[in-house]
Amino acid sequence: MAVKALRPEDIRKWLPLATLAVLILLVGIAQPSFLQPGTLIELASDTAVLFILATGVTFVIMLGGIDLSIQSMASLASVIVALTITRLGYGSFLLAIVIGAIAGFLSGIVHVRLKIPSFIATLAMGGVLFSAALVISKERSITLDETGRAYQAWITSQAFGLPNVIFIGLLVLAAAHVVQAHTRFGRYSAAIGAGEPAAYASGVKVGRQKIFAFVLSAAFAAVAGVVLAGRLASGSPTLAAELLLPSIAAVVVGGTAITGGVGSIWRTLVGALIISVVRIGMTFLGVNIFAQNIVFGAVLIGAVAITIDRTKIPIVK
Amino acid sequence: MSADTTAAISMVGIGKRFPGVHALKNVSIEIKPGEVVGLIGENGAGKSTLMKILSGVYQPDSGQILIAGEENRIESAADANHKGIGMVFQEQSLLPNLTIGENIYLGNERQFTKFGLVQWRALYDAAARQLEKVKVDIDPRMRADALSFAARQMVELAKALTLEEHAAGHLVILLDEPTSVLERAEIDILFNRVRALKSRASFVFVSHRLDEVLQLSDRVYVMKDGEVVAELAAADADVGMLHRLMVGRTQQADYYYEPLQMPVQDAILLEADQLACGAAYRNVSFKLRAGEVLGIAGVIGSGREELTRTLAGFAPHTAGTLKIASREVRLETPAEAVDLGIGYIPRERRVEGLVLFLSVSANITLADLASLTRFGLIDARKERGVATDWTARLKVRTPNINTLCLGLSGGNQQKVVLAKWLNAKARILVLDHPTRGLDVGAKEEVYELVRRLTGAGLSIVLTSDTLEETIGLSHSVLVMRDGEITHRADAARGAKPQQIDLIGHMV
Numbered sequence: 013m014a015v016k017a018l019r020p021e022d023i024r025k026w027l028p029l030a031t032l033a034v035l036i037l038l039v040g041i042a043q044p045s046f047l048q049p050g051t052l053i054e055l056a057s058d059t060a061v062l063f064i065l066a067t068g069v070t071f072v073i074m075l076g077g078i079d080l081s082i083q084s085m086a087s088l089a090s091v092i093v094a095l096t097i098t099r100l101g102y103g104s105f106l107l108a109i110v111i112g113a114i115a116g117f118l119s120g121i122v123h124v125r126l127k128i129p130s131f132i133a134t135l136a137m138g139g140v141l142f143s144a145a146l147v148i149s150k151e152r153s154i155t156l157d158e159t160g161r162a163y164q165a166w167i168t169s170q171a172f173g174l175p176n177v178i179f180i181g182l183l184v185l186a187a188a189h190v191v192q193a194h195t196r197f198g199r200y201s202a203a204i205g206a207g208e209p210a211a212y213a214s215g216v217k218v219g220r221q222k223i224f225a226f227v228l229s230a231a232f233a234a235v236a237g238v239v240l241a242g243r244l245a246s247g248s249p250t251l252a253a254e255l256l257l258p259s260i261a262a263v264v265v266g267g268t269a270i271t272g273g274v275g276s277i278w279r280t281l282v283g284a285l286i287i288s289v290v291r292i293g294m295t296f297l298g299v300n301i302f303a304q305n306i307v308f309g310a311v312l313i314g315a316v317a318i319t320i321d322r323t324k325i326p327i328v329k
Numbered sequence: 243m244s245a246d247t248t249a250a251i252s253m254v255g256i257g258k259r260f261p262g263v264h265a266l267k268n269v270s271i272e273i274k275p276g277e278v279v280g281l282i283g284e285n286g287a288g289k290s291t292l293m294k295i296l297s298g299v300y301q302p303d304s305g306q307i308l309i310a311g312e313e314n315r316i317e318s319a320a321d322a323n324h325k326g327i328g329m330v331f332q333e334q335s336l337l338p339n340l341t342i343g344e345n346i347y348l349g350n351e352r353q354f355t356k357f358g359l360v361q362w363r364a365l366y367d368a369a370a371r372q373l374e375k376v377k378v379d380i381d382p383r384m385r386a387d388a389l390s391f392a393a394r395q396m397v398e399l400a401k402a403l404t405l406e407e408h409a410a411g412h413l414v415i416l417l418d419e420p421t422s423v424l425e426r427a428e429i430d431i432l433f434n435r436v437r438a439l440k441s442r443a444s445f446v447f448v449s450h451r452l453d454e455v456l457q458l459s460d461r462v463y464v465m466k467d468g469e470v471v472a473e474l475a476a477a478d479a480d481v482g483m484l485h486r487l488m489v490g491r492t493q494q495a496d497y498y499y500e501p502l503q504m505p506v507q508d509a510i511l512l513e514a515d516q517l518a519c520g521a522a523y524r525n526v527s528f529k530l531r532a533g534e535v536l537g538i539a540g541v542i543g544s545g546r547e548e549l550t551r552t553l554a555g556f557a558p559h560t561a562g563t564l565k566i567a568s569r570e571v572r573l574e575t576p577a578e579a580v581d582l583g584i585g586y587i588p589r590e591r592r593v594e595g596l597v598l599f600l601s602v603s604a605n606i607t608l609a610d611l612a613s614l615t616r617f618g619l620i621d622a623r624k625e626r627g628v629a630t631d632w633t634a635r636l637k638v639r640t641p642n643i644n645t646l647c648l649g650l651s652g653g654n655q656q657k658v659v660l661a662k663w664l665n666a667k668a669r670i671l672v673l674d675h676p677t678r679g680l681d682v683g684a685k686e687e688v689y690e691l692v693r694r695l696t697g698a699g700l701s702i703v704l705t706s707d708t709l710e711e712t713i714g715l716s717h718s719v720l721v722m723r724d725g726e727i728t729h730r731a732d733a734a735r736g737a738k739p740q741q742i743d744l745i746g747h748m749v
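In order, the protein sequences belong to chains L and Z.
Here the working numbering runs 12 ahead of the position in the first sequence, where the first position is 1.
Here the working numbering runs 242 ahead of the position in the second sequence, where the first position is 1.
One thing to keep in mind: the hints can contain errors.
Unchecked claim - Subject to a maximum C-alpha distance of 25 angstroms in a straight line, what follows is the list of computed PhoX-like cross-link-like pairs (lysine-lysine):
1) Z/K440 with L/K217
2) Z/K375 with Z/K440
3) L/K217 with Z/K624
4) L/K127 with L/K217
5) L/K217 with Z/K377
6) Z/K274 with Z/K294
7) Z/K466 with Z/K294
8) Z/K377 with Z/K294
9) Z/K624 with Z/K667
I should point out that these hints are in silico values taken from the structure, not numbers from a laboratory.
Since we're looking at a predicted model, the values are computed, not measured.
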C-alpha cells in the first residue's frame, strides 16, 4: 500500500488546524449546545480582541523578537479612548492608535539602537505604559456614557446578523495577512528571523524592519484596546490584563516559531481560535475560570515543545 | 611488538562523507609515543575533519581507530579526553570570565570537591603545578581575559596536560594552527615547550606554515582532496617539496578555464587610494576594471580579510579614499554596498550567504525585492519567473524553487548566492573564499561562472583559500603582508606568475 509517511514538517504545519477541529468536536460532544450557531458566533466575537493582539505580536515574533508590552498598551488605549471620546469623538480611536505606534517606535528604537534585548525593552515599556494608564485614569475604571457609547456603535452593533467585531477581526486578518505575506517588510522579517546575518549581508536594513515590526505590534495592541473598550463600554488600566499570555500562546500554538522565521497570520488566527475554544470550552465544562492561565501556560509550553526543532538549537538561553 | 613501536594512536582507512562532499577517503595515519607528527594540506584537504574525528566531534563512516594497539571508538570530546587525547585549538577554548585555574580544571572539579564544595586552594595549587609543566609563571587566580594570546595558548597546553593524570594510555595532544597569531619569539617558546614535553606526550601539529611544520615535526603527513598523498620524515623534506605535494598539480590552465580569461576592459569600476582601516591595513591603492578578477593574496593577519570586508560594507575604511564608478564613497553598511552594485559572497555561506530556512526563490530575490514590488506588494508571478530563470541559467540543482536552501548541496547553495547578486544587477562581486567546502566538480562550476560573468563585464575581487586558485582565476594579484601591499603581479592568460614568487612577498 502506498501510504506516504507524514513528514515532520507536514505534521508541524497541519497540527494546529487538526487540534482546533478536535477541540471543537470534543467540547461539542461533551456539551452539544457548544456547537449551536449562537455559541460559535459568540466564540468568534470573543476571539477578535485576542486575535488582534496576537496578530501584532506575530510581526515581532516572526523576526525573532518578542513584545511583552502589548497588554499594557491595549489597556492604555482603552483609557485614552474613555478619557477623550466625548471631546474627540472618533478622533479618540485615532489618538489611541497613534500613541500605540509611538510607543512601539520607542520600543523599537530602544531595542535596535541601544541594542537591548526585545524582551527587556518591551518589559520596561510595558511598565511605563501601565503606569501611564494608571496615572491618567487616576487608577479608576472609567465607564462610558451614552455620548461615548454612540461613537462605539461600529464596534458594538451588528451587520448581516453578525456582530461587527467579527468583521473588524476579518479586516485585521486581511490587512495583516497582506502585510505579512505580500510586502517586502513581511519577506524581510521572515529572512531576519530565519537568518539575520544573511539578511544584513544582502542589504536588508535590518534595524528599520525591526522598528517597524514593533510599531505594528503596539499599534495593533492599541486597536485591540479600542475594540475591547467598545465591547466593555469602559476603559481601565487593567482592562487587557491577563491577555499577554494567551496572545503569545495563540501565536505559538498556531505554529509560528518562537525563534522567528517561520509563521503566518493565518496560523495566528488558528492559534487564537484554539485558545478561545479552550477558554470557552472550560467554562462550558465547568472549570474554574481562574484556572485558565494554568491551562494556557501548559498549552504554551506544550506547543513550543512540539513545534521547535530542537536538533537545530544547541543552546537555549 | 615492543612498547616503543606500538602507535599511541593509529587511524586505519578512515572515510567520512558529508552531504555533497567526500571529506576523507581511506585515510591512515599513526602517531607514535613521544613523536610530533605534522599534518599539512590546503583548506578543504580534510585536515580539520580528521582532527574532529580524533577529538570525538565526528564519527568516521568507515575505518578503524586503534588506541595503544586496540580497536577503539572516540564517542565524544569528553571521551577523547578520557582516552588521553587533548586539544589546543586555533580558536581558543578558555572562558574569558573564569580564572586560569577554573579553566584548567573546568569540568574536572570533582577531585577538589569535599561535601559538595570546591576546595579552591587545592584546585589553584594543582593548577599552579600544571602551569609549571609548561614553564609559565602566572597566577592561576588571574582571569583568563587578562592574559595575552600567547599566554592563553600556554594555559591551553597546561590544561591539555592535566589529562595525563587520569588518561589510561599515552597522551596525544592536537595542536590546531597554534602559531597563526603568535609572534616569532612566542612561537619559539611554544616549540621549546612542545619539544620538552615529548617525554610526556605525542603531538599532532596542524599548520599552514610549512617551515614551522618542518622545524617542529618528526614526521609529516601531507593531505590533499581527502587523502593522505605523502608521509615523510621531516629531515628529508623541504618547504618547496611539501608545497608541491600539497598542491599536487602543476598549474593546470584548463582547470581554471584560463582560455576563457578575457582581457580586462578600460572602464574603472572601483578605485582605492591610500585606503586604511584601523590597524588592519593601510596604504592600500588599486584599481578594479570592468571584466577584471583582482586576486588578493596573503596569510592570516595580512589585512586582506578586512579589506574584503571593507569592500562589502562591513568594516568602513578609516583613511584614504574609495571610489565606485568615479564617486567617492564610504561603505557604512552592506546595504550601502548593495545599492552601489556590490555583491558579497561570504566565506560563511550558510550564515551570511543564505537564509537557509527560506526558499531558493526567496533567497534569489532577497537583495532586489524592490524591482518586484508594485504598489507595495511583491508580484508573486514575476518573482517565480525571476527565480525559475536564474535557477535555469546557473543550473542550480534543486527539486523546485520553493525548496528550502537548507537541503541543497554546497555548490548549489553557492549558485543561489551568485544568482541573488546577479539578479540584483551587481557590477562588482566580492568573493570571499568562494569555493570553501565545495568538492572538485562544484569548484569547477564556480570557476566557469567566474569566467562567464567577467567575460560579460562584471568585476570580481577575490580572496581564496589557495594561492593556486587566486593565481588561476585572477587577471592581477595584490599580495599583502602585515596590512600593506607588498607586491603586484600581472596574471594575464598564459603568463601566470609562479606561486613560489608570490609566497616570498606573503611571509
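Right, here's what the structure says about each hint:
1. Z/K440 with L/K217: 54 angstroms, violated
2. Z/K375 with Z/K440: 12 angstroms, holds
3. L/K217 with Z/K624: Holds. L/K217 to Z/K624 sits at ~23 angstroms (cutoff 25 angstroms).
4. L/K127 with L/K217: 15 angstroms, holds
5. L/K217 with Z/K377: 51 angstroms, violated
6. Z/K274 with Z/K294: Judged against 25 angstroms, a Cα distance of about 19 angstroms means the pair holds.
7. Z/K466 with Z/K294: 17 angstroms, holds
8. Z/K377 with Z/K294: 28 angstroms, violated
9. Z/K624 with Z/K667: At roughly 16 angstroms apart (the allowed maximum being 25 angstroms), Z/K667 and Z/K624 satisfy the hint.
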